[in-house]
Amino acid sequence: MTKITELPRTVKDWLLGHKLRAAILALVLVVTTPWPARAQFGLDPCCALLAAGLASVQSALTSVVGGGLNQILGVDKAMQQFQQTVVWPQALINQAKSLVGLLQGNFNQIQNLMKLPVSSATLPASQQLEQVLLSHNPNQIAQTSGAYTALYGPVPAPTAASPQVLNMVDMTDAAAQAAMKRAIEIDALADLELQAANQLNQSIQNAAPGSAPIIEAQADAWLIRANAYTQAATADLMRLRSIDLANTSADIKMGATNTTNLRQALANLLQHE
Amino acid sequence: MQVIAYVVFFAAFVWLVVTVKSRRRLIAVTLTGVMVMTLVGVLQPAQAQSGMLRGIQVILSVINGMIQTALTSINTVRTAENNLQQLVAWPQQLINQAKAQVTQMIGQYRTLMSNTFHVNLNSATLPNPQAFEAVIRDHQVNNFSSLTTTFGNTYGLIPVATTANPTDRAMSDMDDALALDNLKMLKASDQATDIELQSADSIENAASQAAPGSALFLTATAIVSGIHSQALTQKMLAAELRQEAARLAHRNTLRKENATHTTQLRGVLVNLLQHQ
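Those protein sequence lines, which keep their order, are chains A and B. Mind the numbering: the first sequence is residues 1 to 273 in the numbering used here, read in order. Mind the numbering: the second sequence is residues 1 to 276 in the numbering used here, read in order.
Please note that a few of the clues may not be correct.
[Said to hold, decoys possible] Distance ranges between label pairs, derived from CB positions:
#1 S135(A) x L112(B): 18 to 26 Å
#2 Q199(A) x T162(B): 51 to 59 Å
#3 N139(A) x N271(B): 46 to 54 Å
#4 I74(B) x T234(A): 18 to 26 Å
#5 N205(B) x N206(A): 39 to 47 Å
#6 P127(B) x P158(A): 33 to 41 Å
#7 N122(B) x N268(A): 56 to 64 Å
#8 G105(A) x T149(B): 47 to 55 Å
#9 G105(A) x E81(B): 40 to 48 Å
#10 A174(A) x I95(B): 55 to 63 Å
#11 N153(B) x P154(A): 56 to 64 Å
#12 G105(A) x I95(B): 48 to 56 Å
#13 A228(A) x L94(B): 47 to 55 Å
[To be verified] Straight-line C-alpha distance at most 25 Å; calculated SDA-like pairs for lysine to any residue:
#14 K99(B) x S202(B)
#15 K77(A) x Q86(B)
#16 K19(A) x S73(B)
#17 K97(A) x L116(A)
#18 K77(A) x P158(A)
#19 K77(A) x V77(B)
#20 K77(A) x P91(B)
#21 K19(A) x P91(B)
#22 K115(A) x Q86(B)
#23 K19(A) x V17(B)
#24 K115(A) x A222(B)
#25 K115(A) x N139(A)
#26 K115(A) x Q95(A)
#27 K99(B) x V7(B)
Rather than coming from a laboratory, the hints here were simulated on the basis of the structure. Note that CB positions come from ideal geometry on N, CA and C, so glycine has one too.
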């Protein structure tokens, strides 16, 4: 420990005592100490290698990366131009939307035509029934039977006709009333369809090419629904005609029975005389 | 590593300088030390530069390998997508062909169908029916009063109260009313049909100029037009239902009256036979 503390003094004493040797050591230390390498200034062959490497990188970036990206850009530009000019041209899209707006005018005209008043009856009973029939209001369906009976009369009393005739009369009245009620329903449904169709058409005017198919799908659904209602109306019309045909057939059957009965009654009458 | 070697050699040099005895040996040690220390402490070629060159080569190999491969693959995919769009999905030639077909069919059918549809169907020969027929087929909705007048001139008016029983008058009025209602509605629907045909023509004209992206709007509005058309058909069917129902009801009322009259007649006959 004592030697360590005395070491600087010993060294100092030695340096003062051996100035030449101390100078030699200092000179050698200064001259041979390895200093950190400094940046190159282009004269070093390493810098030339580095510059060549960087030039290669630049060349590779330009040719490989830049060239590849340019090719992709070229393809993308071609796709964009194709889509803008051939598939989705803005001018034609606007033109189509403008036509949709013009057609809305046609739809409005049709809707107004369907609202024209057409009632024509002049007597109270017929006016009342006609008013119900042309009401387009499902809430008035319940009044149909009353107005119908007021005009066409009720089913005869059981003593006033044979059961067969009574059945026929009741069934015919039922079919006629049901058809009238169906007509009111169909009118109301058709009004709602026209209203919905107008809403759909306005949506189309505000749609994008990507959203128009969704509205189109909904319009398709409405069209199917409308077809179903048309079929229901056609079915009721066919029912009416079936009842009419059945009535004609029943008239023939009853006529044959009545004729037979009459012949029998006449034969009995002649036998008694 | 170089620094450690330098420190070791420098320590040995210091020890030799300190311990050497003669001046001649000091000079020899000094010269030797300078040479050795110079060799040990001389600036070494920069390790960083050779590492950088290797790095540049790595970068070049990445650019020429992985990046070039990736870019080539992307380019291949994009080119394939472009070809798919232009040759399969929306081939310009077929688009033009479709548009040309629309135009060709317009020329082939439109005038022919229009001429067929507008053939004059009027067939009445006497003045009143002629006037009535002209009104019911004129596609106008502003002359309903003329319709009522010409209808009355052709089919007569409702009997006055003193010339027919109330039931017959009411039924006759109802029959006439429904006939007139329907005739008025048909005038309106004739006009609506004309408008529908105009709409169809407009949509078809637009189709001949459309692009795949704009045809969607035409399709959608054509379907909406179809809904309108169905609604119109339904209204006509409803009118037909009313008319058929009234006809059936009318005949049923006659049946009811027949039943009543038969019952009354049977009673009269029974009374007559009893009195004999």
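Quiz item: Which of the listed hints are not met by the structure?
Solution: The structure conflicts with hints 1, 4, 5, 6, 8, 11, 12, 13, 16, 17, 18, 21, 22, 26 and 27, although it agrees with all the remaining ones.
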